[in-house]
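Just so you know, the sequences run in chain order G, U, W, Y, F and P.
Reminder that position 151 of the first sequence reads as 151 in my numbering, one-by-one numbering, no gaps.
Reminder that position 62 of the second sequence reads as 62 in my numbering, one-by-one numbering, no gaps.
Reminder that position 176 of the third sequence reads as 176 in my numbering, one-by-one numbering, no gaps.
Reminder that position 290 of the fourth sequence reads as 290 in my numbering, one-by-one numbering, no gaps.
Reminder that position 204 of the fifth sequence reads as 204 in my numbering, one-by-one numbering, no gaps.
Reminder that position 110 of the sixth sequence reads as 110 in my numbering, one-by-one numbering, no gaps.
The hints are simulated quantities; they were obtained by calculation from the structure and are not laboratory data.
Among the hints, a few may not be true.
Heads up, the list lumps identical chains together, so a pair's fine if it works in one copy or across two of them.
Said to hold, decoys possible - Lysine-lysine pairs mimicking DSSO-like chemistry, simulated, CA-CA at most 27 angstroms apart:
#1 K290 with K59
#2 K59 with K84
#3 K269 with K84
#4 K125 with K309
#5 K84 with K135
#6 K298 with K100
#7 K135 with K38
#8 K250 with K100
#9 K157 with K100
#10 K268 with K135
#11 K125 with K268
#12 K38 with K125
#13 K59 with K83
#14 K100 with K268
#15 K250 with K59
#16 K299 with K135
#17 K299 with K157
#18 K100 with K125
#19 K100 with K59
#20 K135 with K83
#21 K125 with K84
#22 K125 with K59
#23 K298 with K125
#24 K269 with K157
#25 K268 with K299
#26 K83 with K125
There are 6 protein chains.
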Amino acid sequence: MQYNLKVMRMKVGFVLAASAVALLAPRQAGAQLFPFSKQDLLDYTAQNPFDRFPDGRPKVPDSMLDRAREMSSEEVWAVLPGKKFENQYADGFQVLHPGKTMVGRAFTVQFMPLRPDVDSVVQAKVRANGLPRLKNQTALDMLQPGDVLVVDLFGKKVNGTIVGDNLFYYTMKATHAGGLVVDGSIRDLDGISGMDMPAYFRHADPTPIGQVMLTGINVPVRIGEVTVMPGDLVLGDREGVYFIPPQAVKDVLDRADEIHVHDEWTRKKFDEGRYKSSEIYPSPADPALKQEYQEYLKKRLEEIQAGRKE
Amino acid sequence: MQYNLKVMRMKVGFVLAASAVALLAPRQAGAQLFPFSKQDLLDYTAQNPFDRFPDGRPKVPDSMLDRAREMSSEEVWAVLPGKKFENQYADGFQVLHPGKTMVGRAFTVQFMPLRPDVDSVVQAKVRANGLPRLKNQTALDMLQPGDVLVVDLFGKKVNGTIVGDNLFYYTMKATHAGGLVVDGSIRDLDGISGMDMPAYFRHADPTPIGQVMLTGINVPVRIGEVTVMPGDLVLGDREGVYFIPPQAVKDVLDRADEIHVHDEWTRKKFDEGRYKSSEIYPSPADPALKQEYQEYLKKRLEEIQAGRKE
Amino acid sequence: MQYNLKVMRMKVGFVLAASAVALLAPRQAGAQLFPFSKQDLLDYTAQNPFDRFPDGRPKVPDSMLDRAREMSSEEVWAVLPGKKFENQYADGFQVLHPGKTMVGRAFTVQFMPLRPDVDSVVQAKVRANGLPRLKNQTALDMLQPGDVLVVDLFGKKVNGTIVGDNLFYYTMKATHAGGLVVDGSIRDLDGISGMDMPAYFRHADPTPIGQVMLTGINVPVRIGEVTVMPGDLVLGDREGVYFIPPQAVKDVLDRADEIHVHDEWTRKKFDEGRYKSSEIYPSPADPALKQEYQEYLKKRLEEIQAGRKE
Amino acid sequence: MQYNLKVMRMKVGFVLAASAVALLAPRQAGAQLFPFSKQDLLDYTAQNPFDRFPDGRPKVPDSMLDRAREMSSEEVWAVLPGKKFENQYADGFQVLHPGKTMVGRAFTVQFMPLRPDVDSVVQAKVRANGLPRLKNQTALDMLQPGDVLVVDLFGKKVNGTIVGDNLFYYTMKATHAGGLVVDGSIRDLDGISGMDMPAYFRHADPTPIGQVMLTGINVPVRIGEVTVMPGDLVLGDREGVYFIPPQAVKDVLDRADEIHVHDEWTRKKFDEGRYKSSEIYPSPADPALKQEYQEYLKKRLEEIQAGRKE
Amino acid sequence: MQYNLKVMRMKVGFVLAASAVALLAPRQAGAQLFPFSKQDLLDYTAQNPFDRFPDGRPKVPDSMLDRAREMSSEEVWAVLPGKKFENQYADGFQVLHPGKTMVGRAFTVQFMPLRPDVDSVVQAKVRANGLPRLKNQTALDMLQPGDVLVVDLFGKKVNGTIVGDNLFYYTMKATHAGGLVVDGSIRDLDGISGMDMPAYFRHADPTPIGQVMLTGINVPVRIGEVTVMPGDLVLGDREGVYFIPPQAVKDVLDRADEIHVHDEWTRKKFDEGRYKSSEIYPSPADPALKQEYQEYLKKRLEEIQAGRKE
Amino acid sequence: MQYNLKVMRMKVGFVLAASAVALLAPRQAGAQLFPFSKQDLLDYTAQNPFDRFPDGRPKVPDSMLDRAREMSSEEVWAVLPGKKFENQYADGFQVLHPGKTMVGRAFTVQFMPLRPDVDSVVQAKVRANGLPRLKNQTALDMLQPGDVLVVDLFGKKVNGTIVGDNLFYYTMKATHAGGLVVDGSIRDLDGISGMDMPAYFRHADPTPIGQVMLTGINVPVRIGEVTVMPGDLVLGDREGVYFIPPQAVKDVLDRADEIHVHDEWTRKKFDEGRYKSSEIYPSPADPALKQEYQEYLKKRLEEIQAGRKE
């Protein structure tokens, strides 16, 4: 029932000093309102086919993150409902950089409205473990390259600001520009706008975070109508954000390859100007065209896979 | 780390059969997504000055529930912010019986959007403990007289219906008309309207509950901008619902007595028709009136307390 | 392609004078923007198992209207989705008399935003047929006992008022208090509140109807997310309004009988105070109880049917 | 440039003590942020045909207030737009007593968001005039029988509460149950619900008034999309609130008499069951019926006027 | 009563194969829920001063489309209300390419919520005519160069997606980048964002179209508070969309020329820095300036017309 | 009690002709509904430490406007609440040029819903003073370089348009691109988008201004939940707009300098990649780092000040 928080060295020159490692050393159970242990995480993500972080969080491989950067929401939709995942999409966010797809592994944080009686117990437990006060930076300090910070701040605007420009900058460095999804708000929108990390938020507000207590790090959280699990693959585009369970990632990516080829071929046909839309889309009725498409699909998928092996 | 669910016999002829008691026998840890043990509950409600239920939930005494029936939201407001409790009030509900004050002890239930991978683990754990499928009735079956059922269904309308008229009827019987607060919806509004239990809900909808999973019973839940703890005193009036931590209940009730006397005296004075509002309210400037009020207050508080002892 | 508008004599002393009958005599095709003929109506409601009005509109029998007065939305929900009717429920209305169930046959009217070029053609066609100007009263004058007036005014508030108190009074008389559903507004809410006919409306506003043109009488109309067909059985309760295709009415009514008996038995059991909710609801697990219920159901259904024959 | 605040004795036993009169004695210019003098008020309400209060506010006669109690919004609408008053109606309020028409003379109060630099000047000016701190009760203390308190609190919910139950009670006594319209909120809804004065408000909230400053008493204020002048006749029904300039009151009342007779006659005709709605309403086409109506109208108007003289 | 769907050859290499032409051959009456025939269309657009498509739809000339590209909403406003067209503007859309004016001829499509009983009749009629299933692509396949696709999907978000990126691409090719207005949603916003056709939509969503039925092609449709007729000139700018009846197009364009010259002259004057705004705008009071403006207007209009003739 | 409207010569070639000066010559009291005199303005802005315009409006120095261009909302937040200014921020606007900070002195204008009886008095008073009709251009003509036009149009969309492109252009010229904040709407968004002046507005609409009356120029106005005083420093960024009282400007600017240096240093440290966020931010715990920061701060502030003196 411990979080092993030995922080991985980051590739791009983000080396933790000894003191920082110590700060994030094994956390005792109960240091957060919802005691969700490493074993709990292992149990509830048992279908994860990939490696895990030391704390048990599923680790979708970097190569799959790279492939995911070509995807859009519709391609995830093409797979998940068929697997009975009907509640994995959240939208209604302000999108910081509409043209920039967000891809990463979910690092989840949960806040609840402040109750001094509850928070004082939380903080006492933290102190008893020799750790500093639990607050938003406690979570930020644990971020890893490739993470997307996913924060439940229950849509709070005033005082619901998970980061301002300085901590956004830190998050960008620590996650290697992974991204941020907050069901709440951010500060310093002007400063943040110049930073090259995707972010999805409900509001911007000049106030700092307040009247809330941190109740869980890497526990299941709710964002809109989605239950997000730590380690989900997070995909954000202009429309919204999909949270993809690790065990579904490969199927989603493979299906996306097919859809990309299908789009290529479809538009090529439309470019020829000889067909009505229904003759070609969603699939050609004419047997010769069907045959042509199947061959094209096969060839292109082979090329794509070959290109990936290089 | 067990819920002792030995169900209390209810006063009004609601006696549990043996099979029912068995059904609710000691639950193993992990039978819900958020493992919040009896010890957790004791820790986080350590300031509770009252008895507790066998499962650790604070039990505000019946006599205080009775006194609370005379209160309104404003009287709670007069005390809680001064104790740094600034986030204990939720509103924006539809109120079933506007003229009927709701008073009871919070029995909390949390749902999250359905994820089949997570829910299958939850249900497997439940089965491993020899218990039936975890669902909304699992919680209802544990309700006690004097409880208010407090449900986080994250505002869901369609398929976010915690009860229809049959289960509303059961809840009324089991809680002795304690009440219901759901950040979600209910079914059968027509049928429910004729039943004499207070209820606060976001919507009514003809669909049954669905696409959700039960993730916690008597865990901390969020209703609007309030963190509700199991055992909080729930007070609902025409405006909204206050969740009062047990340790603050006595101060709130005592302050309410004073406010009631102050209201009595103030209106008596206004009835005399000799004063402008600011001569009397919020407190009289005239020394003689001030004296008169202080004497009236003292006398009436004594009468009220005497009346309670009878 | 004609509306046969021979108006039925009403039971409660609402006898049309000769001039009125003339006014409503056979209307030529094209007298409304959407030319939806009697044959169209017959074609699109071909599954109707009941008689029809002279104009082709399905006529759910009076006896079924009477049975429907005992129903609520949930009982309709129990049948329609199973028949692939997933879009027959509309809500979000202001309900004039929350305790009074609305039951009747849909008489549909469609308005669209005024375009003088289109409306002048409509009115010219009407004039060419020797009829007076097409307006909201043209439709009202055609109402029959047992009708519910269903009006698409596209949610318009200001100038979207289908009736004020005088025409509401007329509608009540003409339909024998059938009812009104308007996706738009009404006037004279104070006056209307004292009249004993159910009504569902989006807004109340002091302005009269304006800036709209009548584009169809007894054509398919859209109310919220429902396509309403003339002759649908309209059922309104505290929650919202269901539009039931005639061919589904009998199944819905029969299912409602069972649900009523099930509710009776369930609450009787809950009243005994010996069972947890899950032991009884939705159906008893115990074989003896199951048997008991089946016998109760059989007996009560027979009683109900017998009662209807008397 | 003074408010003469000599308060009239109230009929129902509401006699002001000497001290109260002193409190409200002539106010110096500048004691409020918007210096709107008695002369300003006289200038901007120059068309008022009636008496005035000592402070210059138009005083629609009591007899007209009595007649207005029979009116509804639609009857005001029938007159005002024709006089180019197109912005005199506000709605979207919660209505305390939907069945009780509100009638009275507008007593206006304006608040703005608190700025300590501005408010300190206001209060210094007040002090310099020997008056107590300017606050909501300053205005309440000036209320007269027959007044409706009209308050611009810019829709503020939290801390936008003009009165709680004690000051509502005072207002009811002082205005002889005239009424309250607040573009803001009220407290103690439970307590207020039992008091027999009409009220229109945006929200109810348990917080007291705060973070605002009183900037004007009996100055022009904005309620929704209406500019309300002190002394306007305020009429509230189930739909919303009309603010009628004094110079239009007589025409509105006379027109309402006609509409009432027209409604009587129309429904009488509908009750006969011999006519379609368009044969009778809005006016009969048949010359004999037209004649019948004209005679009925004449006779009834005479009866009504005779009844008033008694 | 037929649609002649002989599709025009498109300039930019969009040549229809024989099979496509066959597909779109004469449609029988009744193949859609609202039987709106060619004669109906001719009747209701009788004031159209221009040529028509073979199916009867008015065809505003290409030269006027070109002139319209310089216009903005305000310039349409300057003319239409004066012609009693007060309901021709819709806004509240998401605008795909805010800097790109949309101009084209309205090609209208109407959907309604799915009713299987009605849709099965529609599809049976279609089959009886030897045509394939009626669906969104049926309409897309009929699009012509210069068309703007105008779709009533009653604001539906989930499953209200008229096109994704492939069909958006097809629409762009087929209309020569005419445009899209949908009171509903689109899919694949990321993919669509890179395509150079204007589009106005309510939402973006990853789901495909569903739970709707196509009820009319080139029938009158409602978009917001506008009745759109097939063949209307559609003009979209950053603010919203105007639907201009063909008979008003010339006046709107001519008035726009004047406004453009007026803007030129006004700003030139403001650039001189010698005038207050009211000395110049809306029209100069000084006779010399008025004269100067009139001469400038005359000269520039001549230049503009000369430029067009080249 | 006069506005001295002698207009300053503008730097960029905006020289007023004699006639214009005459037009704006001393205005008599009462020429607007709210008579707020020069003395009133002096009284209510008594804490202003800077020069004033001839009409009494505080004039924050140009040098401070220049410094303010580097600020953002958060930096204002860091100072104002500490000075008890808790209501100086408004948001929810559409922002014309999100990347362009708006800085200027508040020039306030207030409109109210039109009442012909009141407006006719206003206009009669204006005429009696030999001035032209009071309208939106009356205010525009008084604008000075460095002003931000702040307009209360009570959120009105249709007919709530303070300027179209021509008057926006004029405002840009007259204020030297100071800016516009309107709690209402603007016209000609397409034309305005190309003009290089910041603007904050609620809506864009094609209609011109109407059904309103100008009730005050350079009086206190309310924008959202802010009381804006003439002469406030207006600061707009991507999030919203702050209105800073003149007496707080220097402290805000000085604090912003420190925050800028703090940001510089913090990110420099984060760039080193050796620290967790909490080791550096909000302030370093390590004494050596603390020392390092203090020295950096001192040095950089000196550099900044030196740079300003050049």
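Now for the hints, and whether the structure bears them out:
no., hint, result
1, K290 with K59, "neither (39 angstroms within a copy, 37 angstroms between copies)"
2, K59 with K84, "within (22 angstroms within a copy, 41 angstroms between copies)"
3, K269 with K84, "neither (34 angstroms within a copy, 36 angstroms between copies)"
4, K125 with K309, "neither (50 angstroms within a copy, 42 angstroms between copies)"
5, K84 with K135, "between (36 angstroms within a copy, 19 angstroms between copies)"
6, K298 with K100, "neither (29 angstroms within a copy, 39 angstroms between copies)"
7, K135 with K38, "both (21 angstroms within a copy, 25 angstroms between copies)"
8, K250 with K100, "within (22 angstroms within a copy, 40 angstroms between copies)"
9, K157 with K100, "both (24 angstroms within a copy, 23 angstroms between copies)"
10, K268 with K135, "between (54 angstroms within a copy, 23 angstroms between copies)"
11, K125 with K268, "neither (63 angstroms within a copy, 34 angstroms between copies)"
12, K38 with K125, "both (18 angstroms within a copy, 16 angstroms between copies)"
13, K59 with K83, "within (21 angstroms within a copy, 44 angstroms between copies)"
14, K100 with K268, "both (26 angstroms within a copy, 26 angstroms between copies)"
15, K250 with K59, "within (13 angstroms within a copy, 51 angstroms between copies)"
16, K299 with K135, "neither (53 angstroms within a copy, 32 angstroms between copies)"
17, K299 with K157, "neither (51 angstroms within a copy, 37 angstroms between copies)"
18, K100 with K125, "neither (41 angstroms within a copy, 41 angstroms between copies)"
19, K100 with K59, "within (22 angstroms within a copy, 41 angstroms between copies)"
20, K135 with K83, "between (37 angstroms within a copy, 22 angstroms between copies)"
21, K125 with K84, "between (40 angstroms within a copy, 21 angstroms between copies)"
22, K125 with K59, "between (29 angstroms within a copy, 25 angstroms between copies)"
23, K298 with K125, "neither (59 angstroms within a copy, 39 angstroms between copies)"
24, K269 with K157, "neither (48 angstroms within a copy, 29 angstroms between copies)"
25, K268 with K299, "within (15 angstroms within a copy, 50 angstroms between copies)"
26, K83 with K125, "between (41 angstroms within a copy, 22 angstroms between copies)"
The earlier numbered hints that this structure contradicts are 1, 3, 4, 6, 11, 16, 17, 18, 23, 24.
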